[in-house]
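Positions 1 to 264 (the numbering used here) are the ones given, in order, by the sequence shown.
Derived from the structure by calculation, the hints contain no laboratory data. One thing to keep in mind: the hints can contain errors.
Simulated restraints, written as ranges between beta carbons of each label pair [to be verified]:
(1) E160 <-> R5: 32 to 42 Å
(2) K256 <-> G31: 17 to 27 Å
(3) P107 <-> R236: 25 to 35 Å
(4) A222 <-> D242: 18 to 28 Å
(5) E162 <-> D203: 31 to 41 Å
(6) E59 <-> S6: 16 to 26 Å
(7) E108 <-> R248: 39 to 49 Å
(8) N161 <-> K237: 16 to 26 Å
Using 27 Å as the maximum straight-line C-alpha spacing, the simulated DSSO-like pairs for lysine-lysine come out as follows [what the hints assert, rightly or not]:
(9) K237 <-> K44
(10) K52 <-> K256
(11) K44 <-> K256
(12) K52 <-> K237
(13) K52 <-> K124
Computed from a predicted structure; not experimentally measured. Idealized CB from N, CA, C, for every residue including glycine.
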Amino acid sequence: MLESRSIGRSIEGRDLTIFANHRAMSDGRGGSTFLVGGMHGDEKATISLVEKFAANRLEMFEAAVFALPLCNPDSAARNSRYNARGVDLNRNCGTNWHADSEEPSGPEPWSEMESRALRDFILKAEPAKIVSLHWALAEIDADGAQSTELAQAMWDSLEENERRPYRLRVTELGRGKRRLQKTYAACPGSLGQWCGYGLRYADGSAPAMITLELPFDSALPARPEELPTDHLETLRKIWSRDSEGYLRAVEPGVFKMLDAACAL
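Please put together the full structure from these sequences, using the hints given.
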């Protein structure tokens, strides 16, 4: 039976509700996985997928799994990327924070109630693996060399046809390995930046951090090398026209990747 509880409140008083399986209820440490959706409330598929995965699959795993389907409830109520103060929570974290970020990053790192609640939960639970879902760059994005094994496990869980909508991005491990493809400059103050490069637990370890970017068009035969400039507009039209169809198309691959992350 799943446990649910609030890890904090939004500016407008909405709960940030987290779900946990039986192992997480007892201790929550030692290789736990943390799944996050709805960092941007207008990225509706991330909320639906994490919510459904939590309801139907968390109890499958022997290791502890936590799921936060909706990290930014005020923005979901507004169908907005930003919280009630107009801040992008994924630019408000404490590593590589920029006051002049292209997206509004807040007056200082961790200035927002929601980002502080997320930070405090991670510091308390010390998950070994964190997967945050977003729209819609169509990639498995690994921050930090410690995240490569997790990214590879998620990639390997997919059949060849299921990989085509995505690309795999990892930090360079050395000569002969994949080339460095950090998003450090492009995503200042993101959760990925903090968890992948800035966060260290008391024992010196760092969590494996994956940003799982969903496809912008699930009907495409393969992800283009360069996304079209209107990819978000395309996705919003698809979602408005047939959200259930979009979810049916992406869910099998997403659930395989989340299964692999929780089982690793």
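Hint-by-hint comparison with the structure:
Roughly 40 Å separates the CB atoms of E160 and R5, a value that falls within the hinted 32 to 42 Å. Between K256 and G31 the Cβ separation comes to about 20 Å, which falls inside the hinted range of 17 to 27 Å. Between P107 and R236 the beta carbon distance is about 30 Å. The supplied range of 25 to 35 Å therefore holds. Judged by the Cβ atoms, the range 18 to 28 Å given for A222 and D242 holds: they are separated by roughly 21 Å.
Taking 31 to 41 Å as the suggested C-beta distance range, the pair E162 and D203 conforms, at roughly 36 Å. Restraint check, E59 to S6: a C-beta distance of roughly 21 Å satisfies the suggested window 16 to 26 Å. Separation of E108 from R248 is about 42 Å and conforms to the stated range, judged on CB atoms against 39 to 49 Å. N161 and K237 have their C-beta atoms about 24 Å apart, which keeps the hinted 16 to 26 Å range intact.
Restraint check for K237 and K44: the C-alpha separation of about 13 Å stays at or below 27 Å, so the hint holds. With a C-alpha separation of about 13 Å, the suggested pair K52 and K256 falls inside the 27 Å cut-off, and the hint holds. For the given pair, K44 sits about 20 Å from K256 by alpha-carbon distance, which is consistent with the 27 Å threshold. Restraint check for K52 and K237: satisfied, since their Cα atoms lie roughly 23 Å apart, inside the 27 Å limit.
Pair hint K52 plus K124 holds up; C-alpha atoms about 25 Å apart against a cutoff of 27 Å.
When held up to the earlier numbered hints, the structure conflicts with none and fits them all.
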